[in-house]
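Engineer: All residue numbers for the sequence shown refer to the numbering used here, where the first residue is 4 and numbers rise by one.
Calculated from the structure, these hints are not laboratory results.
It is possible that some hints are incorrect.
Below are the DSSO-like pairs computed for lysine-lysine, each with C-alpha atoms no more than 30 Å apart in a straight line [said to hold, decoys possible]:
1) 41 / 21
2) 79 / 202
3) 202 / 30
4) 198 / 115
5) 121 / 198
6) 121 / 79
7) 121 / 197
8) 197 / 79
9) 21 / 121
10) 115 / 79
11) 202 / 115
12) 274 / 202
13) 29 / 79
14) 29 / 202
15) 41 / 30
16) 29 / 41
17) 79 / 21
18) 202 / 21
19) 79 / 41
20) 202 / 41
21) 115 / 21
22) 197 / 273
Since we're looking at a predicted model, the values are computed, not measured.
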Amino acid sequence: MNSINRWAWAEVDLGAIKANVDVLVKKAGRAQIWATVKANGYGHGAVEVARTALSAGAGGLCVALADEAHQLRQAKIVAPILIVSEQPEIAFEQMLRDEVVATVYNETTINKYSAVAKRLGVVGKVHLKVDTGMHRVGVPVADAMARVEQINAIDSLQLDGIYTHFATADLPSHDATAMQQRRFDELVAELDRKKLRPKHVHTSNSAALLRNLTATTDIVRVGIAIYGIAPSNETEDVAGRLRPAMSLQARVSHVQHLAAGEGVSYGLRKKLERSANIATLPLGYADGVPRRLWSVGGEVLI
Numbered sequence: 004m005n006s007i008n009r010w011a012w013a014e015v016d017l018g019a020i021k022a023n024v025d026v027l028v029k030k031a032g033r034a035q036i037w038a039t040v041k042a043n044g045y046g047h048g049a050v051e052v053a054r055t056a057l058s059a060g061a062g063g064l065c066v067a068l069a070d071e072a073h074q075l076r077q078a079k080i081v082a083p084i085l086i087v088s089e090q091p092e093i094a095f096e097q098m099l100r101d102e103v104v105a106t107v108y109n110e111t112t113i114n115k116y117s118a119v120a121k122r123l124g125v126v127g128k129v130h131l132k133v134d135t136g137m138h139r140v141g142v143p144v145a146d147a148m149a150r151v152e153q154i155n156a157i158d159s160l161q162l163d164g165i166y167t168h169f170a171t172a173d174l175p176s177h178d179a180t181a182m183q184q185r186r187f188d189e190l191v192a193e194l195d196r197k198k199l200r201p202k203h204v205h206t207s208n209s210a211a212l213l214r215n216l217t218a219t220t221d222i223v224r225v226g227i228a229i230y231g232i233a234p235s236n237e238t239e240d241v242a243g244r245l246r247p248a249m250s251l252q253a254r255v256s257h258v259q260h261l262a263a264g265e266g267v268s269y270g271l272r273k274k275l276e277r278s279a280n281i282a283t284l285p286l287g288y289a290d291g292v293p294r295r296l297w298s299v300g301g302e303v304l305i
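I would like the entire structure built from these sequences, with the hints used as guidance.
Structural biologist: As structure tokens, this is what we get:
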């Protein structure tokens with residue numbers, strides 16, 4: 004709900020989004036940046052962020068849901084859009100009409116998606132997602148070649164890309180990223196030997212880009228870094244040139260003077276060591292502000 008009567012609001016700086024994409028595009032070198040705008044652009048506004056990122060040099064977009072892709076197409080955005088997981092069958096026709104790039108990894112999904120494409124008389128672009136170790140979604144490495152051959156045998160599908168997703172790229176000391184990269188590289192080498200390598204081969208996310216792990220990728224699926232946030236504490240140093248794009252603003256709704264020893268708010272956990280003026284802001288945990296913020300050094304600027 005948008006309200007003009009609230010004393011609290013979020014401000015999104017599209018100039019920061021543009022500056023961040025510019026930094027990331029330069030860092031990616033030969034690889035394209037595809038901006039991830041799922042979940043309404045991480046709350047920043049999917050359409051606005053998508054337009055800004057594309058104007059700053061992004062080559063495509065990533066979303067999680069068919070409805071998110073459709074929203075972008077309804078906004079007249081024509082750039083490539085990759086939906087990064089399989090979707091329910093009811094969404095297939097709209098996906099094909101929107102000319103998005105579908106992610107596939109299950110044999111049944113491939114057959115059903117191709118059948119809808121054949122009925123519509125179109126060729127659907129797909130990227131095959133490979134599970135190299137994250138174990139969320141994707142075809143196991145051992146079965147990936149069979150899926151590639153299945154897709155290539157279907158006239159109504161075009162294998163436009165193959166990719167995987169790193170589980171620990173934001174943890175430089177963890178060895179899983181190297182393991183995943185090795186497994187994926189071995190698969191791509193086999194594709195090369197069989198002359199089955201698709202147009203796009205990609206692995207990297209925000210953390211991988213910030214750590215320069217992009218040597219074997221031609222697309223970088225950048226999410227949180229676009230919005231100016233480091234993926235983890237361990238990557239904050241290399242994310243130093245990024246600018247946070249969102250700020251939470253509020254007017255002070257109440258001020259009162261309390262004596263030393265008085266407790267404040269739920270649980271009265273915060274005891275005043277001295278008398279002080281206490282300001283109330285009209286925001287709470289119903290708005291997504293965690294109640295534990297008082298205990299971890301949360302601060303505001305007044």
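Engineer: Each hint needs a verdict: does it hold in this structure or not?
Structural biologist: Hint check results:
As the CA atoms of residue 41 and residue 21 are separated by approximately 17 Å, the hinted pair is consistent with the 30 Å bound. The straight-line distance between the Cα atoms of residue 79 and residue 202 is roughly 25 Å, inside the 30 Å bound, and the hint therefore holds. Between residue 202 and residue 30 the CA atoms are separated by roughly 22 Å; this keeps the pair inside 30 Å, and the hint holds. Restraint check for residue 198 and residue 115: satisfied, since their Cα atoms lie roughly 26 Å apart, inside the 30 Å limit.
The hinted pair formed by residue 121 and residue 198 meets the criterion: a straight-line CA distance of about 26 Å does not exceed 30 Å. For the proposed pair residue 121 and residue 79, the alpha carbon gap of about 25 Å is at most 30 Å, so the pair holds. Of the pairs offered as hints, the one joining residue 121 and residue 197 holds, with about 27 Å between alpha carbons and a cut-off of 30 Å not exceeded. Annotation: proposed proximity of residue 197 to residue 79 is violated, straight-line Cα distance about 39 Å (limit 30 Å).
Using a Cα cut-off of 30 Å, the hinted pair residue 21 and residue 121 is violated, with the two alpha carbons roughly 40 Å apart. Using a Cα cut-off of 30 Å, the hinted pair residue 115 and residue 79 holds, with the two alpha carbons roughly 28 Å apart. Using a Cα cut-off of 30 Å, the hinted pair residue 202 and residue 115 holds, with the two alpha carbons roughly 23 Å apart. A C-alpha spacing of about 62 Å is found between residue 274 and residue 202, which places the hinted pair above 30 Å, so the restraint is violated.
Distance check on the hinted pair: residue 29 and residue 79 sit about 27 Å apart at the alpha-carbon level, within 30 Å; holds. Between residue 29 and residue 202 the CA atoms are separated by roughly 22 Å; this keeps the pair inside 30 Å, and the hint holds. With a C-alpha separation of about 23 Å, the suggested pair residue 41 and residue 30 falls inside the 30 Å cut-off, and the hint holds. A threshold of 30 Å between alpha carbons decides the hint, and for residue 29 with residue 41 the separation of about 23 Å falls inside it, so the pair holds.
Under the criterion of a C-alpha separation no larger than 30 Å, the hint pairing residue 79 with residue 21 is consistent with the structure, at around 20 Å. Using a Cα cut-off of 30 Å, the hinted pair residue 202 and residue 21 holds, with the two alpha carbons roughly 27 Å apart. Distance check on the hinted pair: residue 79 and residue 41 sit about 17 Å apart at the alpha-carbon level, within 30 Å; holds. The straight-line distance between the Cα atoms of residue 202 and residue 41 is roughly 24 Å, inside the 30 Å bound, and the hint therefore holds.
For the given pair, residue 115 sits about 39 Å from residue 21 by alpha-carbon distance, which is inconsistent with the 30 Å threshold. Annotation: proposed proximity of residue 197 to residue 273 is violated, straight-line Cα distance about 66 Å (limit 30 Å).
When the structure is compared with the earlier hints, violations turn up for hints 8, 9, 12, 21, 22 and for no others.
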